[in-house]
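Visitor: Residues per chain, in single letters:
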Amino acid sequence: MFVHQLSVFIENKEGRLEQVLETLKEKNINIISLSLADSSDYGILRMIVSDPEGGKDALKENGFSAMLTPVVAVRLRHQVGQLQVLLSEICKAGINIEYTYALSTGTDDASIILKAADLEKAAGVLEKAGVEFISLEEL
Amino acid sequence: MIWNQTKECMSRDEMQSLQSKRLVKLVDRVYHNVEFYRRKMQELGVEPGDINGIEDIHKLPFTTKNDLRDTYPFGLFAVPQSQIVRIHASSGTTGKSTVVGYTRKDIDTWSECVARAFAQAGLNRDDIIQVAYGYGLFTGGLGAHYGAEHLGATVVPMSTGNTKKLTTMMKDFGATAIACTPSYLLHIAETLEAGGDVDKIQLKAAICGAEPWTEQMRKQIEEKLHINAFDIYGLSEIMGPGVACDCIYHKGLHVYEDHFLPEIIDPDTLQPLEEGETGELVFTTLTKEGIPLLRYRTRDLTSISYDKCECGRTLARISRFKGRSDDMLIIRGVNVFPSQVEAALLEIGETSPHYMMIVDRVNNLDTLEVQVEVEEKFFTDKISELENLTKKISHVIQQAIGLAVKVKLVEPKSIERSMGKAVRVIDKRKLV
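Respectively, the protein sequence lines represent chains A and B.
Positions 12 to 150 (the working numbering) are the ones given, in order, by the first sequence.
Positions 3 to 434 (the working numbering) are the ones given, in order, by the second sequence.
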């Protein structure tokens, strides 16, 4: 049900993002989706990649702080209001969403990555609502 | 104007004779009243009778800041507490402050020395002096205040923190002088410039100290405000501000050596250096009663000159400071050791001991940024948690050093590892 997201700490300076990407490219790791959260001094690059464990090891070897975080990948139809319906279920259950970003699957949908404070519970709520999860293998 | 013609213009012979007489009495006093010095002298096999004048100074033991901490709070006091009329303490040292005590006579001596400095800056009883050093345990505020009162000037005890009120009163009262840190004065100057008020003030002199500053900065202040700026030196262990001050010729700071006997030593061999050679400044407090110190190592690096100054004073002069023989930083007037920051970081436990302190001067106020590496064990991919960590680190460091800091998280291994002594500080202020 969960997908492992690869997160890496990046200092806010020229060239660092590029070096992360180069490290992954060298290991032939494909980036399926990414999101960059930034503050004034640093950023956190969150990625869904073809090989999360391998990506983490490669980044660490190159001196980056990297970690894996479980998130859920949810398939949504490309229609108005789909995301709102889904989120309303989570809100009703009183679960806080920490972050979310778009996931590209290469098909005509509007899938998302979602991280909630209580991920187990959120996933349970979504499952009950009949939401379709995407596994890494499908990606 | 020379405040104390007799003492400030003595011949070298007369001065040495006065210093010798005072040193003999001092040694006798500390030997009999301060356990610490009696023990130290006994260890060195020296008795008061062995000290016949300043030529014997090298026989006496040194005193360091650590000795003051080890004897916290009153261990080095030479008089009963009933004779102490005031306490001051140094800012922000790990755990313990260094505490000093003054007798009534010490306060008088201090006021006399500060009055000499103000007179050297061309001030007298007709002047209105704003004292904008912090008032409190820090010696700056009250030291300058008592000296200015002793001079007979009108004292405005501003303290620090309210620049708007300070500039308003400077205009409204027609203040003619200010005593504050040089960086604060530059900040005040810019506030006046921004308000188009520089022509509306009657300031003619500034007596600045408590932190290192350059000759360029002094000139910058003079040009901005159309005043004369003077460099006053002091440290709480010896007295506070007013141990030395420069005159209108700005060729070194005149040491009030009838009270504070200066020496320059090699910080490594501890041997005395010749006139003109740069080394560590050491003071013996010849007349102090509350906490007299023998050969106190200031850690400030300078050289000394005994030539008569163009101003007429014959007092020894020390050159502008060339640095320190330890790693202490003075940031906004507060003494900071990198080891304090290190101890604070280790206390948190979540951070790596790899850090870098970046000291800078932005808008003429000192800033301290501490860079800390984001280690694997406390990395989280949530911005809010990293921000909380940043806040926690700044809080702990601020508690330890008494200064607000900006904490910046950086990537692991991005702080340069040194092969020898670790470089923990980048002080960009030196480039001013």
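Everything labelled a hint here was simulated from the structure, so no lab data went into it.
A quick note: this is a predicted structure, and the numbers were derived from the prediction, not measured.
It is possible that part of the hints are untrue.
Derived pair list, reagent style EDC-like, types lysine to aspartate or glutamate, alpha-carbon separation capped at 20 Å [to be verified]: (1) B:K173 <-> B:E217; (2) B:K410 <-> A:E25; (3) B:K415 <-> A:E33; (4) B:K324 <-> B:E312; (5) B:K67 <-> B:D302; (6) B:K379 <-> A:E37; (7) B:K384 <-> A:E22; (8) A:K71 <-> B:E49; (9) B:K42 <-> B:D72; (10) A:K71 <-> B:E195; (11) A:K67 <-> B:D302; (12) A:K67 <-> B:E375; (13) B:K67 <-> B:D328; (14) A:K24 <-> A:D49; (15) A:K67 <-> B:E413; (16) B:K415 <-> A:E100; (17) B:K379 <-> A:D68; (18) B:K173 <-> B:E195; (19) B:K394 <-> A:D52; (20) B:K98 <-> B:D329; (21) B:K384 <-> A:D52; (22) B:K202 <-> B:E192; (23) B:K206 <-> B:E225; (24) A:K24 <-> B:D72.
Visitor: Indicate, hint by hint, whether the structure satisfies it.
Guide: Taking the hints in turn, this is what the structure says about them:
At roughly 27 Å between alpha-carbon atoms, B:K173 and B:E217 are farther apart than 20 Å, so this suggested pair is violated. Between the alpha carbons of B:K410 and A:E25 the distance comes to roughly 16 Å, so the proposed pair stays at or under 20 Å and holds. With a CA separation close to 19 Å, the supplied pair B:K415 and A:E33 stays within the 20 Å bound. Distance restraint check for B:K324 and B:E312: the Cα-Cα separation of roughly 23 Å exceeds the 20 Å cut-off, and the hinted pair is therefore not satisfied.
With a CA separation close to 13 Å, the supplied pair B:K67 and B:D302 stays within the 20 Å bound. Only pairs whose Cα atoms come within 20 Å are accepted, and B:K379 paired with A:E37 is rejected, the gap being roughly 26 Å. Using a Cα cut-off of 20 Å, the hinted pair B:K384 and A:E22 holds, with the two alpha carbons roughly 15 Å apart. Between A:K71 and B:E49, the direct Cα distance comes to roughly 65 Å. Violation of the 20 Å bound is thereby established for this hinted pair.
Between B:K42 and B:D72 the CA atoms are separated by roughly 14 Å; this keeps the pair inside 20 Å, and the hint holds. For a cut-off of 20 Å, the pair hint linking A:K71 to B:E195 is broken: about 52 Å separates their Cα positions. With a C-alpha separation of about 50 Å, the suggested pair A:K67 and B:D302 falls outside the 20 Å cut-off, and the hint is violated. The hinted pair formed by A:K67 and B:E375 meets the criterion: a straight-line CA distance of about 18 Å does not exceed 20 Å.
Taken as a hint, the B:K67 and B:D328 pair is honoured in the structure, with Cα atoms around 11 Å apart against an allowance of 20 Å. About 12 Å separates the Cα atoms of A:K24 and A:D49, which keeps this hinted pair within 20 Å; it holds. Taking the CA atoms of A:K67 and B:E413, the gap is near 15 Å; set against the 20 Å cutoff, the hint holds. At most 20 Å may separate the alpha-carbon atoms for a hinted pair to count; B:K415 and A:E100 exceed this at roughly 44 Å.
The hinted pair formed by B:K379 and A:D68 meets the criterion: a straight-line CA distance of about 15 Å does not exceed 20 Å. Distance check on the hinted pair: B:K173 and B:E195 sit about 13 Å apart at the alpha-carbon level, within 20 Å; holds. Among the hinted pairs, B:K394 with A:D52 is consistent with the structure: their alpha-carbon atoms are about 16 Å apart, no more than 20 Å. Distance hint between B:K98 and B:D329 is fulfilled; the C-alpha atoms sit about 18 Å from each other, no more than 20 Å.
Only pairs whose Cα atoms come within 20 Å are accepted, and B:K384 paired with A:D52 is accepted, the gap being roughly 14 Å. With a CA separation close to 14 Å, the supplied pair B:K202 and B:E192 stays within the 20 Å bound. Restraint check: the Cα-Cα separation between B:K206 and B:E225 comes to about 12 Å, which is no more than 20 Å; the hinted pair holds. Distance hint between A:K24 and B:D72 is unfulfilled; the C-alpha atoms sit about 45 Å from each other, more than 20 Å.
When held up to the earlier numbered hints, the structure conflicts with 1, 4, 6, 8, 10, 11, 16 and 24 and fits the remainder.
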